[in-house]
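Participant: When you get a sec, could you build the whole thing from the sequences and use the hints?
2 protein chains.
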Amino acid sequence: MKIVKTISEIRDIVKEWKKSGYSIGLVPTMGYLHAGHGSLIEQSVKNNDKTVVSVFVNPTQFGPNEDLEKYPRDIKRDSELVSSLGGDIIFNPEPEEMYRKYNSTTVKVEGLSEKLCGITRPAHFAGVCQVVSKLFNIITPDNAYFGLKDFQQYVIINKMVEDLNFPVKINPCIIVREESGLALSSRNIYLTDEERKSAFSLNQSLKYAQSLINKGEKRTSVIISEITKIIENVPYSKIDYVKIVNIDTLDDIEILETKYAVLLAVYIGKTRLIDNFAELF
Amino acid sequence: MKIVKTISEIRDIVKEWKKSGYSIGLVPTMGYLHAGHGSLIEQSVKNNDKTVVSVFVNPTQFGPNEDLEKYPRDIKRDSELVSSLGGDIIFNPEPEEMYRKYNSTTVKVEGLSEKLCGITRPAHFAGVCQVVSKLFNIITPDNAYFGLKDFQQYVIINKMVEDLNFPVKINPCIIVREESGLALSSRNIYLTDEERKSAFSLNQSLKYAQSLINKGEKRTSVIISEITKIIENVPYSKIDYVKIVNIDTLDDIEILETKYAVLLAVYIGKTRLIDNFAELF
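Line order of the protein sequences matches chains A and B.
Throughout, the working numbering is defined as the position within the first sequence, counted from one, plus 38.
Throughout, the working numbering is defined as the position within the second sequence, counted from one, plus 38.
Hints are computed from structural coordinates only; laboratory data are not their basis.
Warning: the hint list may mix true and false statements.
Pairs involving identical chains hold if they fit within one copy or between any two copies, as the list cannot separate such chains.
[To be verified] List time: in silico DSS-like cross-link candidates among lysine-lysine, alpha-carbon distance up to 27 Å:
#	residue 1	residue 2
1	K40	K108
2	K187	K56
3	K139	K207
4	K153	K139
5	K84	K56
Facilitator: Shown next as structure tokens:
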């Protein structure tokens, strides 16, 4: 396992791999890896000859008042995890390497990017599409792996790849949770012990919603109202949104259809957490 | 030489080429090929193992009142030219193949795209960046060839490739002219005999400007004024713009610097023509 810092070096390595006919998997991350990332890496290692894990806290996807500076970083621990799972390369460029000059090229998935998390984070998904386009063009993977916790991100990247014909297959991977049910996130370290307990309400409300749906409830207003009650009932919580949407358009739906997602964004104290469950297929 | 209509077929061909280690050149065109395109194809054939000429009248780069419907097409003649010059594939998809579903992903080079031709053609360069991104992702060329007649397009594509790290080298190719000096363009067929004579004024004014510059004139206001006089002096002409710009920023300059371009856009009758000369290096 090797840590690569420059675009030219990773390109040279990829060139040699392609000459040998190796397939390449990419796991794009912002680092501070947890078992959720681990599951993406495992799938990539299983299904490709070579796996690159990019670890890059991308400044262009953070808003002016967000947590860019304090976002947790630990490249040593990340290396150990990637190495233990059989990954081949960590690509860990500095921001100056990824954005050498002033970048004025924007990539936007219009319509999908302005909804849900796009309301509180207006430039976020354009930043994600920009950096993912760059990583695809630098590493030219056959497969890329994205976690479904960032559900809107997955839908947007999928649409971008389809619209621009990127020669890469997008592989969605299921959410990995603590025993408590809390979805793994690098941002969970921001939580105090008390806040962590409150954060359990996200998954608990989703599980209750699922039980309602299993019993036949199809009215999304009823389901949303039950989720809201559970989350509002715990301390430190402030709901950003609770939505049930069509998974292609991300538009609200009133009655459950075949392909839907139940999506939550909730502040617990100062930490913004997201969670969801989706019927994808 | 083969005409390919579908993305999946061209991808299969490219895959086999890559397995054999062949280098690939792409000449993206809207067809109705002339000797200007021919010079791009010749350079690609000379410098790559395989050459793809894409012939696609891209709807997304035409404005609502532009000439999409009447834009000239002649795939038979195009095939003969590409074949005679040693090209390997014409990629000639239908619009429904390139834009299967509603495409909501935009690629924009902000700042450069709103100037010059972007003023009268506000969505044009976003359409160009979209289709060129798609072609790069479908054909994955090592080299791509663009004519310098579309100078702003060249600057924008170059910036897009740099910003998004597309793994392709952009090769600019010099303007090819008739003996009269008129720059070759598929749109020249719109001109009546009388209008054609007036169109000579574009190159004539550029040549006069070059002679002024050779004599030491550095004030762009003087050069622009002389160009304007020459063009306004012929019938059917209506100037859209005469500009002298920095070639990186496309901003107006007052005194000539090392890297500048003199750019013209002129209506001759109803036909909009562009021409330029540039000190690139």
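Participant: Which earlier hints turn out false for this structure, listed by number in ascending order?
Facilitator: 2
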